[in-house]
Amino acid sequence: MFAKNNWYVAATVDELEDKPPLGRTICNEKIVFYQTESGKIHAVENFCPHRGAPLSLGFIQGEHLVCGYHGLVMGCEGKTVSMTQQKVDRFPQIKAYPVEARYGYVWVWPGDADKADKATIPKPLWADNPEWTVGGGMFHIHCDYRLMIDNLMDLTHETYVHRGSIGQPEIEEAPVNSRTQGDTVITERLMENIKAPPFWQAAMQAHNLDPDAPVDRWQVCRFNLPSQVMIDVGVALAGKGGLESAPEHQVGGVVVDFLTPETDTSMWYFWGMARNFMVNNSILTDQIRTNQMKIFSEDLAMLEQQQENVTRHPERHLLKLNIDKGGMLARAKIEQMLKAEQAAA
Amino acid sequence: MFAKNNWYVAATVDELEDKPPLGRTICNEKIVFYQTESGKIHAVENFCPHRGAPLSLGFIQGEHLVCGYHGLVMGCEGKTVSMTQQKVDRFPQIKAYPVEARYGYVWVWPGDADKADKATIPKPLWADNPEWTVGGGMFHIHCDYRLMIDNLMDLTHETYVHRGSIGQPEIEEAPVNSRTQGDTVITERLMENIKAPPFWQAAMQAHNLDPDAPVDRWQVCRFNLPSQVMIDVGVALAGKGGLESAPEHQVGGVVVDFLTPETDTSMWYFWGMARNFMVNNSILTDQIRTNQMKIFSEDLAMLEQQQENVTRHPERHLLKLNIDKGGMLARAKIEQMLKAEQAAA
Amino acid sequence: MFAKNNWYVAATVDELEDKPPLGRTICNEKIVFYQTESGKIHAVENFCPHRGAPLSLGFIQGEHLVCGYHGLVMGCEGKTVSMTQQKVDRFPQIKAYPVEARYGYVWVWPGDADKADKATIPKPLWADNPEWTVGGGMFHIHCDYRLMIDNLMDLTHETYVHRGSIGQPEIEEAPVNSRTQGDTVITERLMENIKAPPFWQAAMQAHNLDPDAPVDRWQVCRFNLPSQVMIDVGVALAGKGGLESAPEHQVGGVVVDFLTPETDTSMWYFWGMARNFMVNNSILTDQIRTNQMKIFSEDLAMLEQQQENVTRHPERHLLKLNIDKGGMLARAKIEQMLKAEQAAA
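Chains as they are written, first to last, in my numbering: chain A, 57 to 401; chain B, 57 to 401; chain C, 57 to 401.
Please keep in mind that the hints were generated in silico from the structure rather than gathered at the bench.
Possibly wrong hints are sitting among the right ones.
Chain copies aren't distinguished; within one or between two, either way the pair holds.
What the hints assert, rightly or not - Derived pair list, reagent style PhoX-like, types lysine-lysine, alpha-carbon separation capped at 25 Å: (1) K86 / K376; (2) K60 / K135; (3) K350 / K75; (4) K135 / K381; (5) K296 / K86; (6) K86 / K251; (7) K350 / K151; (8) K376 / K143; (9) K174 / K143; (10) K60 / K171; (11) K174 / K376; (12) K151 / K376; (13) K96 / K376; (14) K395 / K350; (15) K381 / K143; (16) K96 / K296; (17) K135 / K376; (18) K350 / K174.
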């Protein structure tokens with residue numbers, strides 16, 4: 057259940073830069089992404105109109121994608137440009153997808169091309185901002201992307217799924233607040249006047265804050281359509297206003313999650329961590345990436361086996377507790393969007 | 057084709073002792089088995105009532121199983137015990153399965169719990185008997201468990217499937233006798249006044265019997281519902297009465313086979329060898345286990361490809377020869393039991 | 057889509073010589089091929105009439121195939137010969153397939169046995185001819201065998217699929233001629249008055265031809281039912297008549313392709329190269345085999361992913377360009393043959 061008339065993250069730009077064409081299915085659309093010699097990014101159906109060969113086995117020639125089977129030269133609009141000794145005017149057109157490289161990601165619009173507006177590609181907080189840096193990775197997961205939304209919009213699972221790494225009893229004990237605020241679904245947890253954990257102590261030190269000072273700590277999950285979850289995490293000197301405190305009193309970051317449906321029961325998970333401290337420390341960036349990869353790996357088996365169970369028992373109604381409210385509100389937004397898309401069609 | 061209102065072997069006790077919860081499908085029921093800190097064994101559906109997570113990815117806490125996703129505490133009756141900051145009274149119940157650790161095995165009743173009577177768990181000959189010992193292992197096989205019953209209740213295949221190991225022409229040449237005797241289907245083969253083979257010669261020596269004396273040798277397969285086959289094997293000094301002879305004239309053992317359906321075309325095979333000689337010789341136990349594993353492995357490819365052929369040609373009637381009579385009688389008992397179960401429901 | 061009343065290559069003879077029985081599916085028929093002790097080759101259904109065991113897990117005993125499960129002795133006509141202590145007269149018969157070892161291949165007729173005529177097994181040019189030698193190999197490919205016919209009967213794909221190995225712009229630039237000539241579909245390309253490429257220069261030298269002399273080069277693909285493509289390749293001194301020139305002016309070979317359907321979307325590909333120069337040079341034979349294997353491997357991913365695309369979009373009409381004409385003519389012959397076979401049935 058996904059709405060195709062949206063911008064989804066399809067890849068990171070470095071998956072295309074100086075690379076062969078990339079075949080990847082997004083929202084059940086089998087697409088080939090490629091970067092031309094001048095650096096432009098394009099996306100067309102991964103199906104050569106000549107004999108159905110996968111264009112992803114082809115190669116880049118100047119501004120065009122050449123089919124690796126018989127050399128059909130495909131244009132970025134899905135119209136055949138040329139083919140040796142052939143008249144190509146009446147060759148059937150394949151679908152071309154609006155696509156844009158921006159903020160380190162390749163964004164694709166798998167639905168009606170004429171509805172795509174690049175101005176609506178969401179701009180992350182850290183983008184084009186020298187005070188921020190970001191690192192991350194990607195997983196292919198065999199589950200409905202909405203199970204991952206549930207996961208990220210719920211504040212309790214860390215205590216269990218990640219009890220060997222970042223989970224702590226304090227997290228579970230802090231009160232949860234989930235609500236919709238305009239286009240955004242928010243789930244937040246605040247822990248006041250506590251001792252900062254080691255990760256944040258180190259960050260405080262780098263910000264010239266006393267690492268032993270009591271802090272207010274926050275975790276604020278923000279879901280936005282079609283399927284991104286940004287989680288503000290950080291600490292501020294206690295009593296200074298938490299996340300809203302002046303920059304000199306706090307240190308923080310954003311857990312980055314772009315969730316892209318592949319099929320109804322599989323997804324691409326682009327994850328990462330953006331931060332506004334020690335932004336030039338690439339060793340720290342790598343350390344955070346490695347830690348995040350371990351932590352997010354712990355979710356994989358759970359989500360994939362949960363998907364198996366849900367597929368096995370479609371008749372069962374899952375519970376909707378207060379801790380699940382964030383996911384429920386997000387799912388409601390998706391259903392609403394999908395209905396609107398279907399009504400318009 | 058299996059009757060769920062029965063005790064089946066689901067695991068060996070050492071698969072649970074000081075181990076994480078064990079997810080295993082028995083008769084198409086997806087179950088999680090676990091042992092609590094006090095040592096009790098329980099089995100409930102492998103489906104958390106909260107969000108469908110697999111409880112087998114959870115952990116033991118005291119007497120309870122805790123879901124590894126959001127910490128729901130599941131009770132052994134399938135009723136949620138607690139969940140941090142939640143009222144759990146009205147949480148839907150999941151199925152709990154009657155289960156019992158006995159004789160080294162974990163027995164489960166995948167059908168109607170109120171029909172389960174622990175007094176009907178079959179007690180093997182060797183159980184709780186210091187004069188006997190047993191060793192064995194387990195295989196997962198992609199075939200209908202009834203193909204394995206056929207295999208074990210037929211006296212001919214050893215000559216062919218195991219011609220490199222235990223098969224001998226004498227086996228095939230001995231007359232076969234298959235019959236039903238009360239609840240038991242018996243297939244037996246007796247070889248009179250022959251020289252004992254090396255395995256039994258060693259056993260005779262350990263029993264202070266002359267290993268070169270002529271012996272009467274027996275192989276008696278006994279099938280009992282729902283799906284166990286115990287095979288008496290051994291030798292006695294010739295003319296003393298064979299299997300019925302006085303203990304001081306014979307030496308023998310029991311090939312142990314508990315066959316548990318996983319799905320319609322896959323099974324769990326718990327195999328072993330029980331013996332009443334050299335019972336404290338653990339090196340011998342290991343040797344027998346290793347040999348049995350090799351021998352039973354020879355059946356695997358045969359049974360799995362036989363299943364493929366049978367699935368491919370459901371319209372073909374397989375032959376029912378005299379050598380197949382044991383399997384046929386056993387299958388008839390299963391069908392009868394299944395009809396009774398269906399009639400009662 | 058294949059016609060079963062045909063001779064297909066099922067194996068190479070060395071897959072059976074002194075080997076255990078070989079289970080292989082041909083045209084959706086699950087067959088076991090075997091060679092008896094006297095050297096005769098037989099093929100029967102891979103299904104024991106006793107209990108459905110795969111006969112390919114059995115063994116050869118004299119002139120018979122013995123089932124590895126219970127020792128049923130199967131005859132080459134699909135009739136049970138004997139089984140210990142059993143009367144086998146009324147055992148159901150299994151299908152026996154006309155089969156013939158000839159020219160290094162095992163040929164099978166998967167259709168109606170009474171229509172099989174061994175005189176119609178096609179005799180390759182090089183067979184039983186000391187002036188020729190041949191080497192090759194086999195691939196299992198997950199595609200409709202007709203996609204491979206298209207591949208071999210089209211003269212353009214080499215430039216792209218094999219651009220790292222044998223592909224050259226000259227190939228694509230040479231005019232193509234496709235036509236039907238009696239039972240044969242021909243696609244040919246002639247390149248006149250060019251410099252011979254290194255492979256043919258070496259061959260010319262071995263034939264006492266001046267390797268630097270200008271040559272006429274040819275590539276002539278010949279498709280014959282049910283599914284073989286033989287490609288004449290070679291060079292002759294320019295102006296001497298090309299492929300038709302006197303033997304002393306030319307050097308050449310034949311790319312050998314026998315394509316055998318396994319199922320509707322998978323096939324066995326028997327490939328090779330026959331040549332009439334340096335026929336005793338087994339090192340050259342091995343070099344050519346290694347090179348061919350590399351080159352044909354380049355087609356595999358393309359064909360298998362093309363199959364996926366075609367399966368995904370059965371509604372799409374693929375283009376039929378002039379370069380595809382050879383494949384189209386071959387497919388038309390197959391359809392015609394299949395219609396005739398269906399009409400006769």
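Hint check:
| no. | hint | in the structure |
| --- | --- | --- |
| 1 | K86 / K376 | between (34 Å within a copy, 23 Å between copies) |
| 2 | K60 / K135 | within (22 Å within a copy, 41 Å between copies) |
| 3 | K350 / K75 | between (27 Å within a copy, 23 Å between copies) |
| 4 | K135 / K381 | between (46 Å within a copy, 23 Å between copies) |
| 5 | K296 / K86 | neither (51 Å within a copy, 52 Å between copies) |
| 6 | K86 / K251 | neither (50 Å within a copy, 44 Å between copies) |
| 7 | K350 / K151 | neither (38 Å within a copy, 34 Å between copies) |
| 8 | K376 / K143 | between (60 Å within a copy, 12 Å between copies) |
| 9 | K174 / K143 | neither (34 Å within a copy, 47 Å between copies) |
| 10 | K60 / K171 | within (11 Å within a copy, 52 Å between copies) |
| 11 | K174 / K376 | neither (36 Å within a copy, 38 Å between copies) |
| 12 | K151 / K376 | between (40 Å within a copy, 20 Å between copies) |
| 13 | K96 / K376 | neither (45 Å within a copy, 32 Å between copies) |
| 14 | K395 / K350 | neither (37 Å within a copy, 52 Å between copies) |
| 15 | K381 / K143 | between (58 Å within a copy, 16 Å between copies) |
| 16 | K96 / K296 | neither (47 Å within a copy, 52 Å between copies) |
| 17 | K135 / K376 | between (48 Å within a copy, 17 Å between copies) |
| 18 | K350 / K174 | neither (34 Å within a copy, 45 Å between copies) |
Against the hints set out earlier in the document, violations occur for numbers 5, 6, 7, 9, 11, 13, 14, 16, 18.
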